[in-house]
Amino acid sequence: MESNPSSSRTDRKTIERNRRNHMKSLYSKLNSLVPHQTSREAITLPDQLDEAANYIKRLQEKLEKMKERKDNLMGFERPNTSPNSGAMVGLKPPQIDIHEKGSALEVVLITGLDFQFMFNETIRVLHEEGAEIVNASFSVVDDTVFHTIHAQVEGPVLGHGAARISERLKKFVF
1 MESNPSSSRT
11 DRKTIERNRR
21 NHMKSLYSKL
31 NSLVPHQTSR
41 EAITLPDQLD
51 EAANYIKRLQ
61 EKLEKMKERK
71 DNLMGFERPN
81 TSPNSGAMVG
91 LKPPQIDIHE
101 KGSALEVVLI
111 TGLDFQFMFN
121 ETIRVLHEEG
131 AEIVNASFSV
141 VDDTVFHTIH
151 AQVEGPVLGH
161 GAARISERLK
171 KFVF
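UniProt numbering numbers the first residue of the sequence shown as 1 and each following residue consecutively.
Just so you know, these hints were derived from the structure itself, not from any lab. Hints are not guaranteed to be accurate.
Here are the computed distance ranges between Cβ atoms for each label pair [what the hints assert, rightly or not]: (1) I56 <-> S25: 54 to 62 Å; (2) Q152 <-> L63: 53 to 61 Å; (3) S32 <-> K62: 14 to 22 Å; (4) S32 <-> Q152: 47 to 55 Å; (5) K62 <-> K101: 54 to 62 Å; (6) L63 <-> S32: 17 to 25 Å; (7) E121 <-> Q60: 50 to 58 Å; (8) H22 <-> L59: 23 to 31 Å.
Just so it is clear, CB atoms sit at the ideal spot from N, CA and C, and this is done for glycine as well.
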C-alpha cells in the first residue's frame, strides 16, 4: 500500500493546525482565570504567561500564609506565648460559664479570635461525657467570639455527671 506524499503533508498540516488551535484555546482559558488590570491594549502571549505565573506565585504565597494562620489558630504552633514575651498582648484568656438547669446544660464559651479551636474541643468533651448537643451557636463582636452550646444530659450522666462535665471543661479552658 503506497501512501500519497501530498496526503501525508496535508495530514501533518491538519494535525499542526489542530494543535495550534488547541494551544490557543488553552491559553485563552488560562488567561480568563487570571485577574487583569483594566487595560485597553492587547497583552502579548509571553506577557500573559508571565502574568499567569506571577499570579500563581502570589496565590501560593497567600495559601502558605493562610495555612500558617490556620495552624496558629488551631493551636498547632504557638511561638513566643509566654506572658512576658509581648505576644500575649491583646489576647484575651478564654472564659467558660456552665449553667445546669435540670437535665439541660448551657455552656457559654467566650474566646478571642485566636482560641476558636476551643469550641471544637468543648463539643468533643460534651460528646465524650454522653451529653447530646441540642443547639450550638456563636457570634463575633470585634475580636471576641461568644459561643453558646445547649446540651441535654440524661441517665447516669445526670447529677454527678454534669459536675464532672463542668470540671473537665474548666480544666480544659484553664
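Here is how each hint holds up against the structure:
no. : hint                     : verdict
1   : I56 <-> S25: 54 to 62 Å  : 19 Å, violated
2   : Q152 <-> L63: 53 to 61 Å : 41 Å, violated
3   : S32 <-> K62: 14 to 22 Å  : 20 Å, holds
4   : S32 <-> Q152: 47 to 55 Å : 52 Å, holds
5   : K62 <-> K101: 54 to 62 Å : 46 Å, violated
6   : L63 <-> S32: 17 to 25 Å  : 21 Å, holds
7   : E121 <-> Q60: 50 to 58 Å : 31 Å, violated
8   : H22 <-> L59: 23 to 31 Å  : 25 Å, holds
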